[in-house]
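**Student:** Sequence:
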Amino acid sequence: MKISIGNDHAGPDYKKAIVKHLEEKGIEVINHGTDTFDSVDYPDFVHPVANDVENGTADFGIIICGSGNGVAMSVNKHQKIRAALCWIKEIAALARQHNDANIISIPARYTSIQQAVEMVDTFLNTEFEGGRHQNRVNKIPC
-18 MKISIGNDHA GPDYKKAIVK HLEEKGIEVI NHGTDTFDSV DYPDFVHPVA NDVENGTADF
42 GIIICGSGNG VAMSVNKHQK IRAALCWIKE IAALARQHND ANIISIPARY TSIQQAVEMV
102 DTFLNTEFEG GRHQNRVNKI PC
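Be aware that the sequence shown starts at -18, since it is given in our numbering, and climbs by one per residue.
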């Protein structure tokens, strides 16, 4: 499995912990995020994640900003992206099960690093249920 990750200045500590966790599990990570707390423009760091997922360079994406909203709005402009803003692992599971989300958006200012790592694990280990949900997912792109 290969994961693409991007973050703004609110998420370097989150990214570092998530990348370490994933690499310890033998998962390859493509890092597009900033490593500093200096203010940056989040679209510059998350559009490359969406591109990786869209073109198959990565299986899934992880994006992080203060609220999780700006990064999710940015990547959801891509036709093949279904990014889900998650703040608890149950939402992460439903995002995969019902929406076939391929990018998880994490709000660094509203979750702990431990919660974020748990959400990522849940997200990556949950399968899309298909069935009645597939019809709905097919209607998402404009």
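In short, the hints are calculated from the structure, not lab data. Treat the hints with caution; some may be incorrect.
[Unchecked claim] List of simulated lysine to aspartate or glutamate pairs, DMTMM-like, C-alpha gap at most 20 Å: (1) Lys58 to Asp25; (2) Lys6 to Asp25; (3) Lys(-3) to Glu99; (4) Lys6 to Asp40; (5) Lys120 to Glu9; (6) Lys70 to Asp25; (7) Lys58 to Glu71; (8) Lys70 to Glu35; (9) Lys6 to Glu108; (10) Lys(-3) to Glu9.
Here the structure is a predicted model, which means the values were calculated and not measured.
**Student:** Each of the hints needs a verdict: does it hold here or not?
**Tutor:** So, going through the hints one by one against the coordinates:
1. Lys58 to Asp25: Status holds; Cα separation ~14 Å.
2. Lys6 to Asp25: violated (28 Å)
3. Lys(-3) to Glu99: holds (14 Å)
4. Lys6 to Asp40: holds (15 Å)
5. Lys120 to Glu9: Outside the cut-off at roughly 31 Å; violated.
6. Lys70 to Asp25: At roughly 27 Å apart (the allowed maximum being 20 Å), Asp25 and Lys70 break the hint.
7. Lys58 to Glu71: violated (25 Å)
8. Lys70 to Glu35: violated (24 Å)
9. Lys6 to Glu108: holds (18 Å)
10. Lys(-3) to Glu9: Holds - the C-alpha atoms of Glu9 and Lys(-3) are around 14 Å apart, at most 20 Å.
Hint violations for this structure: numbers 2, 5, 6, 7, 8, all remaining hints satisfied.
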